[in-house]
Amino acid sequence: MTRVADRFRHGFDAEVVRAWIADDPDPQTATTLEHILASAEDGDEAAIADLEDRFSGPLVFGTAGLRGEIAAGPNRMNRAVVIRAAAGLAAFLAETVGEGFRVVIGCDARYKSAEFARDTAAVITAAGGVAIQLPDQLPTPLLAFALSQRGADAGVMVTASHNPPADNGYKVYLGQRPLQAIESEPAAALAGAGAQIVSPADALIAEKIAAVESVASVARAESGWEHLDESIVEEYLSRIDDLRVRAEADLSIVLTSLHGVGAGVAEAALTRTGFTNLHPVASQQAPDPDFPTVSFPNPEEAGALDESFALAREVGAELIIANDPDADRFSAAIPDDSAAAGYRQLSGDEVGLLLGEDAATRLTAGTHRAAGAETPVFANSIVSSRGLAAAAASHGFAAVNTLTGFKWISRVPNLVFGYEEALGYCVDPAAVRDKDGISAAVTFAALASRLKAEGSSIEAELDRIRARDGYFATAPLSFRLDDVSLIATAMAKLRENPPATLAGSPVAEVHDLSAGYEGLPPTDGILLLSESNSRVIVRPSGTEPKLKCYLEVVAEPSELQAATDADARAAASAGVRLPAASASASLKPALKERLTSLSTELKTFFSL
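Residue numbers (this note's numbering): 57 to 664.
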């Protein structure tokens, strides 16, 4: 069979487009390409440019699997591209595991998700594998859970997580057997079993995808794959029951799934663990691939929680829980009279610190599921705050940094808790070797209820930790660039002539992460550390046309105490009596000013 080309070699080529159309299994995308091609052949420059983009090359398969706009052509997400990807994965598994390899398949509620999942099951079955399909429209953590529970060799989750409505994606996880075949160290295969793919698996699968001649050459079964029923959800909920976290005080909670697939499972998990005072955001409750009430379905984005804030004010909620559309991320907001909305959204680093401290406390007390583990380890991505490491050390536990992404965090040996600042948390790595926004939300709600029962609060707990370990204040800074070449230019400038100071403090250390750092594999990034312990990490985004900067400034415990004492002296001198203020509240303005100074310096340095 003649290979169907997946790119233009020398500019616009109508025959390449016609061959792709003939090989396209989806009449909808085939018809779209026919119309664009007709316009291009009539001399429409916009149509020619459109096709040149669609046929600039195949959608790249890497450690994030596939992700892109749902549309026709090889550089888009569509059935033709997914069938080729499934065939490549099947060939990889047949080579490393042999016939009878097992693949669990799940999908969210985005456009084409169910079709992409069924196509994958059809390809796997025809290739001699056992395809196990989850019920449609379940959260990503259920796929990761089912992969481990069923002892599968791979997992495929069709989702674009919190990307825009026009996108879809294809996440791939591997079990232990294929990893044993490609990893030189048995420990690495064991640690990575159930996690998303990393090198060399991504490249090996990509090679198999590239070897697929055409969609027509890929066999697809009409039936014969397994269908899991809703009992897999019950198994997952039972596992959350076993985490030993329960409501200890009545807590009024507003929760939203941002039009994603997490609502039902999240509500069930909270209810089963004793939380009954729940107030879902009705307008965002049902899955909707258009995400009509948010401009961007990501809890990190400004405005994403506006409807949650409105409902929380109405019902007097004590906690807001938000999941992203595939429910692998979790965000929390708490009452704050000083905030315009009446609520303050906690940063990913603050939630990570709180969940890490809670895990360490329960491990020490013997009430954590992993209590008794010989060498429990805490982990976070290198771009996340150093506060977790300080908290773990205060309890006598080890903490490690990883590269960015949960594919790295989740494969840390002996992991008991891991997180990344981008709202990803893993509270039960033995069951879900990935970020899980549902089990994390339940664990956080249990922490908030315990603090309430003790007469404390989330803010007071943050203050307590900071008074002990120091205040690690963080802020993100991103440059979105239409011209992606500017990202490489900016990184080269930073390598050649890094700033001499950070927020007025001399830069003491410059580390090029592409050469490796403290045992980490090489990655494209630069770490700057000042004499005052301020830290900046700059790296290109792996999924968006962005240059990302991660800023952190630190106040030692002595500095916190000094700020509190200074406030008290000033009040006494003025002859006024002020309500007791937290140490971190006293120092927060100064730390915010340092972060603002860092941000301003970097904007000036890059001139982007």
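Calculated from the structure, these hints are not laboratory results.
Some hints could be false.
[Stated by the list, open to error] Straight-line alpha carbon distances no greater than 30 Å define the calculated DSSO-like cross-link-like pairs of lysine-lysine that follow:
| # | residue 1 | residue 2 |
| --- | --- | --- |
| 1 | K549 | K648 |
| 2 | K602 | K508 |
| 3 | K168 | K264 |
| 4 | K648 | K659 |
| 5 | K659 | K644 |
| 6 | K168 | K549 |
| 7 | K659 | K549 |
| 8 | K659 | K508 |
| 9 | K648 | K602 |
| 10 | K508 | K549 |
| 11 | K549 | K602 |
| 12 | K659 | K602 |
Keep in mind the model is a prediction, meaning the values are calculated, not measured.
Q: Determine which of the earlier numbered hints do not hold for this structure and return their numbers in increasing order.
A: When the structure is compared with the hints, numbers 2, 6, 8 and 10 turn out to be violated.
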